[in-house]
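**Student:** Going line by line, the protein sequences match chains A and B. Per the numbering used here, residue 10 is the first one in the first sequence, and the count goes up by one each step. Per the numbering used here, residue 83 is the first one in the second sequence, and the count goes up by one each step.
No lab work stands behind these hints, which were simulated from the structure alone. Check the hints yourself; a few may be wrong.
[Stated by the list, open to error] Derived DEER-like restraints, expressed as beta-carbon distance ranges: (1) Asn117/B / His96/A: 49 to 59 Å; (2) Asp207/B / Gly92/A: 45 to 55 Å; (3) Lys36/A / Gly319/B: 53 to 63 Å; (4) Glu103/A / Asp252/B: 53 to 63 Å; (5) Tyr365/B / Gly27/A: 46 to 56 Å; (6) Asp40/A / Asp135/B: 45 to 55 Å; (7) Glu455/B / Glu126/A: 34 to 44 Å; (8) Val368/B / Lys36/A: 29 to 39 Å; (9) Gly92/A / Glu200/B: 43 to 53 Å; (10) Asp40/A / His185/B: 51 to 61 Å; (11) Met398/B / Lys141/A: 35 to 45 Å.
[To be verified] Straight-line C-alpha distance at most 25 Å; calculated DMTMM-like pairs for lysine to aspartate or glutamate: (12) Lys424/B / Asp40/A; (13) Lys456/B / Asp90/B; (14) Lys424/B / Asp39/A; (15) Lys36/A / Asp428/B; (16) Lys85/B / Glu14/A; (17) Lys421/B / Asp39/A; (18) Lys13/A / Asp428/B; (19) Lys13/A / Glu415/B; (20) Lys13/A / Asp90/B.
Backbone N, C-alpha and C fix where the C-beta goes; we use that ideal spot for every residue, glycine too.
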Amino acid sequence: MYSKEILERFKSPKFAGGLRGANGTGKSSDDKCGDIIKIYILVDEDGVIDSAKFKAYGGVSTIVACDVACEMLIGMSLEEALGLTSHDILEHIENDIPQNRYYSAVIVEEAINNAVEDYYKRKEREEKKALKEM
Amino acid sequence: MNKRVYLDNAATTYVSSEVLAEMLPCFNAIYGNSNSLHSYGREASAIVDRARDRVAHAINAAKSNEIYFTSGGTEADNWAIKGIAHAYSNKGKHIITSAIEHHAVLDACHQLEEEGYEVTYIPVDKTGLVDLTELLRAIRKDTTLISIMAVNNEVGTIQNIKAIAKIAHDYGIIFHTDAVQAIGAIKLDVQDMEIDALTLSAHKIYGPKGVGCLYLKNGIRIENLISGGNQERGKRGGTVDVPAVAGFGKAVEIAVRDMTINQQKLRSERDYLLKNIQEKIDYVTVNGHPHQKINGILNISFDMVDNESLLMLLDMEGVAVSIGSACTSNSAEPSHVLKAMKLDDDIVKSSIRISFGKNTSRSDLDYVVEVLEKAVSQLRSISAVTKAGRK
Numbered sequence: 010m011y012s013k014e015i016l017e018r019f020k021s022p023k024f025a026g027g028l029r030g031a032n033g034t035g036k037s038s039d040d041k042c043g044d045i046i047k048i049y050i051l052v053d054e055d056g057v058i059d060s061a062k063f064k065a066y067g068g069v070s071t072i073v074a075c076d077v078a079c080e081m082l083i084g085m086s087l088e089e090a091l092g093l094t095s096h097d098i099l100e101h102i103e104n105d106i107p108q109n110r111y112y113s114a115v116i117v118e119e120a121i122n123n124a125v126e127d128y129y130k131r132k133e134r135e136e137k138k139a140l141k142e143m
Numbered sequence: 083m084n085k086r087v088y089l090d091n092a093a094t095t096y097v098s099s100e101v102l103a104e105m106l107p108c109f110n111a112i113y114g115n116s117n118s119l120h121s122y123g124r125e126a127s128a129i130v131d132r133a134r135d136r137v138a139h140a141i142n143a144a145k146s147n148e149i150y151f152t153s154g155g156t157e158a159d160n161w162a163i164k165g166i167a168h169a170y171s172n173k174g175k176h177i178i179t180s181a182i183e184h185h186a187v188l189d190a191c192h193q194l195e196e197e198g199y200e201v202t203y204i205p206v207d208k209t210g211l212v213d214l215t216e217l218l219r220a221i222r223k224d225t226t227l228i229s230i231m232a233v234n235n236e237v238g239t240i241q242n243i244k245a246i247a248k249i250a251h252d253y254g255i256i257f258h259t260d261a262v263q264a265i266g267a268i269k270l271d272v273q274d275m276e277i278d279a280l281t282l283s284a285h286k287i288y289g290p291k292g293v294g295c296l297y298l299k300n301g302i303r304i305e306n307l308i309s310g311g312n313q314e315r316g317k318r319g320g321t322v323d324v325p326a327v328a329g330f331g332k333a334v335e336i337a338v339r340d341m342t343i344n345q346q347k348l349r350s351e352r353d354y355l356l357k358n359i360q361e362k363i364d365y366v367t368v369n370g371h372p373h374q375k376i377n378g379i380l381n382i383s384f385d386m387v388d389n390e391s392l393l394m395l396l397d398m399e400g401v402a403v404s405i406g407s408a409c410t411s412n413s414a415e416p417s418h419v420l421k422a423m424k425l426d427d428d429i430v431k432s433s434i435r436i437s438f439g440k441n442t443s444r445s446d447l448d449y450v451v452e453v454l455e456k457a458v459s460q461l462r463s464i465s466a467v468t469k470a471g472r473k
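Extracted from the complex, chain B is given alone in its bound form:
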């Protein structure tokens, strides 16, 4: 195996050189604790403040102090769901989310159910869009929080976030969105979209792993998830990881700055690969919304082919894609997202997610098609499933 092509950028990305350059001085030059009073601390604190300003600016938060740094998207999702639910438990104990959320949201909701909260999981249609009629129907007097992801991580479908936020506010309900896959892919404006709480992560946008944030509109109450210090305005204990936060701030700034050009490139990569796949391989189905989806994700099914076997054959030729979400791909169970979209079992079992990156070249994509064609053909030749009329 010589050539390697990474097409799993929705799972994680490399750290870009611009981001790395921003981080490096924070390891051994500006290494103070950002909470210390002395000059070392103040220097570090200035770095953290700048990162906070960058993130706030990128999503048009009214104030920088509405950004709380966390250890990543999972922590921010957990904090938003549990923290807001607990803070408003006097008002009610009912939460609404969708069936296709990331496990960070779903598992947090399951934990709340164990505590006696009730959670309604709104279904989605075959394209992955949340059913707004069902959402309206699910709202109760004791509903305190609606959490719907902005962009789905497996199929890339973009939800109607502004409309959902409006529905929530019409009924006096707080609205949170997991925007980990959305930042840099679609315009996020928390004020215009009336978002109360929003989750971001660095490592999907060429930033470091282990850092993200929760945007929380001033005035929204939240119970602490992590205690142990007065960092992050007393809401999130723990010494701030200054290099990671610096990298996160830069990554968010670049993602928004370069959004138009990046999206054009991703779209061109996706369309080129899909066209070539469809020309060379029969019986393929594209999953997700036909138009209302981000450019960086292509979820595609190859009939009569098991997706894990396909992933491994591609991997052996140096091509990295994924099945389901990376967090559950060591489980033998099919993707909860595709199941929730009520796709046929065969479509679910044969689907892979190809997620494009800034550095993917045309020759990389040509190689992927060549390897894919070979792997699909090999697996179909030994498949126990046949299709009458197969070419």
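For reference, chain A alone in the conformation it holds in the complex:
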């Protein structure tokens, strides 16, 4: 069902947990299976993702898809992150998980988009606040 490599990554994910100082958080879920995930990103001043982590209430494929995506996100610009699709994530894991678990990559893509959107919203709020204070 799952490959050995996938199970090893599931057991010891590199990017699981909260992210101190995250300036973008994206949540998404799958209605059918009830999986809920959160992706946290820390974007530096140049708009590059410095760090990414996740929390997941989901199965093996969802935890691994989150972990793989976080690894891919680090070093990406926000535009690149927004361009990251479920297909890009699946390329790394599709041969190692059952087809009926491909939905995991779809919710990860959604969470990434929401995290980037959240970052932009926070930034906009901060800029408005700064303007008011001037």
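Chain B: place on chain A using the hints.
**Tutor:** Quick look at chain B alone, frame taken from chain A:
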């Protein structure tokens, strides 16, 4: 990984040494075709007859010829549902079953629906008990068959089979029950319980896989499911798998013979594990009926923990449990049984089934609690769901 603990005995069991000893001579010593006329055939036929007698005796069938061997529970369920529905189609085309049946029953019913039959799926309450008022309400003039499982395979709830059979007969309806999880766990007496048709399987009771039977009361009509020979009184074609049938007969005999002592052991295992889990892990919920359930199954939810992830972490430490029924656990959809019990989505998503066996030791259970505590803690630490007030 060194230690391994198997707690998925409701999915299947190992073949016990007593059963294996019964089977072994049938592979190379008594290997005749039980339908052959010569002495080799007669020897094999005697083995099959003895197994049939053992099964009949175990469920108190009036006659041994009411036992028809099949390739297992799935075939027997399919045969009972389709065969009885077809045989009585002149009377009506309406069937009643429950929402928590095994897929062997549900899928057979779906097939009948495609043929134009109507099926009513009776709901269950939060403990998994079939609602008898709903059952009565569902009965129609054209209802020919009611099929309700004796014991549910996911939560272990025991149905009120005798009462359901009585309701069926009050309205002249045939009653079938899938008793795969019930044999050896509760007393089954087809005459006292007024059961017309009953499904059994060997591999849940330390017998071989691929063999089971349908008990069919004499006088109940059934259309053949498998044609191709005059085996099983012309009702089920195919050369009888003599070693498997011999093992099945022995397994049923032992399951009933040792029922009291086995049930005491299973109950003690279940209570011990549950007590230790509840002492060491917060936010656990036990699913199923509080009392009217078999001892061998513990369905339990660990809040904020996905059950597939929990199953896999336990597996990596050598502990085997299951989620949903084994037949659907490769599907990402939640258990149809727990959904039918109208449990909260979170309870369904976080539930695992622990099913105990004859050989489980206290040290095995201590190891399971240790591994479970670690796995639940790991998954909760990364869970995207939190609970205010969580300890």
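**Student:** Each hint needs a verdict: does it hold in this structure or not?
**Tutor:** Going down the list of hints, with the structure as the test:
1. Asn117/B / His96/A: 49 to 59 Å: holds, 58 Å
2. Asp207/B / Gly92/A: 45 to 55 Å: holds, 50 Å
3. Lys36/A / Gly319/B: 53 to 63 Å: Given a distance of about 57 Å, which is inside 53 to 63 Å, the answer is holds.
4. Glu103/A / Asp252/B: 53 to 63 Å: holds, 56 Å
5. Tyr365/B / Gly27/A: 46 to 56 Å: violated, 20 Å
6. Asp40/A / Asp135/B: 45 to 55 Å: The hinted range 45 to 55 Å holds for Asp40/A and Asp135/B, with Cβ atoms some 53 Å apart.
7. Glu455/B / Glu126/A: 34 to 44 Å: holds, 38 Å
8. Val368/B / Lys36/A: 29 to 39 Å: Hint holds: Cβ distance 31 Å, inside 29 to 39 Å.
9. Gly92/A / Glu200/B: 43 to 53 Å: Distance hint for Gly92/A, Glu200/B holds at roughly 52 Å.
10. Asp40/A / His185/B: 51 to 61 Å: With Cβ atoms ~23 Å apart, the hint is violated.
11. Met398/B / Lys141/A: 35 to 45 Å: Violated, since Met398/B and Lys141/A (Cβ atoms, about 54 Å apart) do not stay within the stated range.
12. Lys424/B / Asp40/A: holds, 16 Å
13. Lys456/B / Asp90/B: Holds, at roughly 20 Å.
14. Lys424/B / Asp39/A: holds, 19 Å
15. Lys36/A / Asp428/B: Between Lys36/A and Asp428/B the Cα gap is close to 18 Å, so the pair holds against 25 Å.
16. Lys85/B / Glu14/A: OK: Lys85/B and Glu14/A at ~22 Å, within 25 Å.
17. Lys421/B / Asp39/A: holds, 17 Å
18. Lys13/A / Asp428/B: Violated: Lys13/A and Asp428/B sit about 28 Å apart, past 25 Å.
19. Lys13/A / Glu415/B: holds, 23 Å
20. Lys13/A / Asp90/B: Status holds; Cα separation ~22 Å.
Figure legend: structure checked against the earlier numbered hints; hints not met, in rising order: 5, 10, 11 and 18.
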